[in-house]
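Mind docking these for me? Both chains are given alone in their own frames, and the hints should help you get the complex.
The listed protein sequences correspond, in order, to chains A and B.
Residue 180 in our numbering sits at position 180 of the first sequence; the count goes up by one each step and never skips.
Residue 95 in our numbering sits at position 95 of the second sequence; the count goes up by one each step and never skips.
No wet-lab data here; the hints were simulated from the structure.
Note that CB positions come from ideal geometry on N, CA and C, so glycine has one too.
Treat the hints with care, as some may be off.
Calculated lysine-lysine pairs in the PhoX-like style (CA-CA distance at most 25 Å, straight line) [stated by the list, open to error]: (1) LYS121(A) with LYS44(A); (2) LYS164(B) with LYS135(A); (3) LYS159(A) with LYS78(B); (4) LYS140(A) with LYS136(B); (5) LYS72(A) with LYS44(A); (6) LYS132(A) with LYS123(B); (7) LYS147(B) with LYS123(B); (8) LYS170(A) with LYS164(B); (9) LYS164(B) with LYS181(B).
A partial selection of chain A residues facing chain B, derived with a Cβ cut-off under 10 Å [stated by the list, open to error]: (10) SER76; (11) THR122; (12) PRO177.
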Amino acid sequence: MSKVFPSAREALDGLVFDGMKIAAGGFGLCGIPEELIEAIRVLKVKDLVIASNNAGVDDFGIGILLQTKQVKKMISSYVGENAEFMRQYLSGELELEFNPQGTLAERMRAGGAGIPGFYTKTGVGTVIAEGKEHKDFKGKTYILEEAFVADLAIVKAWKGDPEGNLVYRKTARNFNPNVATCGKTCIAEVEEIVPEGSLDPDHIHTPGIFVNRLILGEHEKRIENRTLTR
Amino acid sequence: MWDRNEMAARAAKEIKDGMYVNLGIGIPTLVSNFIPKNLNVTLQSENGMLGMGPFPKESEVDPDLINAGKQTITELDKTSYFSSADSFAMIRGGHIDMAILGAMEVSDSGDLANWMIPGKLVKGMGGAMDLVAGVKRVIVIMDHTNKKGESKLLKECTLPLTGKGVVDSLITNYGMFEVVKGGIKIVEIAEGSSFEEIRAATLGNLIV
Chain A
1 MSKVFPSARE ALDGLVFDGM KIAAGGFGLC GIPEELIEAI RVLKVKDLVI ASNNAGVDDF
61 GIGILLQTKQ VKKMISSYVG ENAEFMRQYL SGELELEFNP QGTLAERMRA GGAGIPGFYT
121 KTGVGTVIAE GKEHKDFKGK TYILEEAFVA DLAIVKAWKG DPEGNLVYRK TARNFNPNVA
181 TCGKTCIAEV EEIVPEGSLD PDHIHTPGIF VNRLILGEHE KRIENRTLTR
Chain B
1 MWDRNEMAAR AAKEIKDGMY VNLGIGIPTL VSNFIPKNLN VTLQSENGML GMGPFPKESE
61 VDPDLINAGK QTITELDKTS YFSSADSFAM IRGGHIDMAI LGAMEVSDSG DLANWMIPGK
121 LVKGMGGAMD LVAGVKRVIV IMDHTNKKGE SKLLKECTLP LTGKGVVDSL ITNYGMFEVV
181 KGGIKIVEIA EGSSFEEIRA ATLGNLIV
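Bound conformation, chain B alone (with noise of 0.2 Å):
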């Protein structure tokens, strides 16, 4: 089974040289530390910045400066600033090679859930139904199973949808998937775990 690390060094190995990335708020935001230095990847914040820097020094804080998780953040000598249509024309146009963020459902079809659970938690969908509906790449990261041990795979998402079919990879604790015509095609079995143990803990279609 993957941790938390590995499943973003697992996420980390889509990215190649040239690209422009969007990374999500949790496991995703981990991503960065595992993206090989001698890549040229250029990183997008969806408030209005390309080519993100690491988090700051003390001395080196600005409350100008902060990431879409509201992070202070640094500044790289590539970094360009702009407004928010302009952040949305770059993800909405198809300017984004990859975006990679968390859920809390998806579907064997590519649907997924990330947003809302109604009732309970309304925090609101961000630039997340921007960056699914818009950018080239959307992996997925999450762990397999909720903490009752049910599975977050599903035939048919449960909560609001976040997009329908924009899901095109998934890692997980279990491995790696892609979202294929008529399911769920593991890629890669994480050290440790077995298609059984997949098997036991998936509600959606796989596919081997």
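Isolated chain A, as found in the complex (with noise of 0.2 Å):
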């Protein structure tokens, strides 16, 4: 049984239903998996709960997901750059669970690891902390947060191998690594699908046991915050 499938919609034959729970890689804009957060619009699933860092900006990313108002919950730490998400969200659409990133990250580690919850400091003694457990642990008090599991993780990758192994490039590593391990299953989006045994198996990143399906993606990439050195 092969890895690799022809196109992202192709990949998501039987795997997507309404109010599923997706784990989407990405920060801002960067290492976000293009194709699959589109071929998902198109096949207009709804009451979508999304868990990634960013909601994407209006026309790009998670964005076009709320555009088409197919989620009805977001997981995230950031949303500032999405005039649309305000709107949704200020009128009552769309639910909102804000997250600490690194509280995001690792309950996202936890689920792949088969970890129900962990214990942080991050979050105590504030809004974060409301109706969660409380625990002290030599003197310090932390609160205990849930592992997220998903139906299905979507990541962006630089290079994979059709064993599903899987290399990132510079920061758009950012959730992918995290998020492809929390999935019931995972698709990864990739730059180039290279032979197998031409990646190092030393420089892997995503083990191949990780992803279920990868498919070769065309990427726009695009830059939120351009800024140059003077």
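What follows is the structure, given as structure tokens:
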């Protein structure tokens, strides 16, 4: 059985349903699974719960699923770049669960590692801690955060081989390795599918066991904040 | 009174050789301009990078290489990249020596509010709650007063907190302060400012 699928649309076959939980890699618009997000838009599945650090911008990234009102709830740490998001949230159309960025990454890591929850200092004494179990260890107070397991994980990598081994590039790695582990199924889209044996086994970031399906994508790689040296 | 650059320069004086430092968005970003070249200081960007270089030239722009403010950036010879979970293991695990970040309000017991104005501004905390909970020393840079001239240094924060009792030091246009038992201690008064001026512009408990 080959993990390589001809398109994002075909890779999503049989995996999407209304109300599903999706974990998506990326930080801002960097390292986002562009083609898979677009294919999810075309498939019109709705009431999605999406865990992703950000919600894209109005017309790119997760933002395109907000435009079509396919998202019921976002789990994110920062959504400041998206006016449509703000509008839907303030009007009550969209649910939002803010997670501190490290808590979100660790919830995904834990979810992928079979750890149901963990204690952290992050958020103690803030609204994030409300309603959560508090516990002291060595005189310091921590709160219990629960792991996140998604029905589907979608990630973007630089190179992948037919086994699903992935290598990311620079800061486009970000949440992708953690997202890849926390899905019941994971689809990766890559810039290049290389022959088996051509990736150095010592340099693989995500071992193929975490990746079920693989597609070759074309990526716009839009830059959110082009800043140049003076 | 210190301007933005003078506040950033004052913060840079706190950075010592060998430190790993995380700089927040806004004035804290300017701090990197004032770190002496002879010090070996490594900047962490919480989206997954250690050893952050300067902004790129047009020809060096790489969409796969950004900082936590989503600005294009460059790498250095010592740079390493890693996942978000590894990045926050550095932050939450106490491996980062110093975080310098901005604030909307600070209380005299070191509470920090910098992520949300209810009903108005819904942006999110990003990595700020993790940074203030996990980094060894937290320095806040902010204007001492808001646009209406009201103190941002309070007895109690009125906005939702980013962290409780997490601020170690504070740099404002009036000077440098340290959070100690019982209040905010004045460490240094900016040239052209005075104790009376600081007193008048501060609602939190000041200790001389």
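Against the structure, the hints:
1. LYS121(A) with LYS44(A): Roughly 39 Å separates the two Cα atoms, so the pair is violated.
2. LYS164(B) with LYS135(A): holds (16 Å)
3. LYS159(A) with LYS78(B): OK: LYS159(A) and LYS78(B) at ~23 Å, within 25 Å.
4. LYS140(A) with LYS136(B): Cα-Cα ~15 Å, so holds.
5. LYS72(A) with LYS44(A): Roughly 13 Å between the alpha carbons, so the hint for LYS72(A) and LYS44(A) holds.
6. LYS132(A) with LYS123(B): Cα-Cα ~23 Å, so holds.
7. LYS147(B) with LYS123(B): The hint holds at about 20 Å.
8. LYS170(A) with LYS164(B): violated (34 Å)
9. LYS164(B) with LYS181(B): holds (14 Å)
10. SER76: holds (6 Å)
11. THR122: Holds, about 4 Å.
12. PRO177: holds (4 Å)
In this structure, the earlier hints numbered 1, 8 are contradicted, and the remaining ones agree with it.
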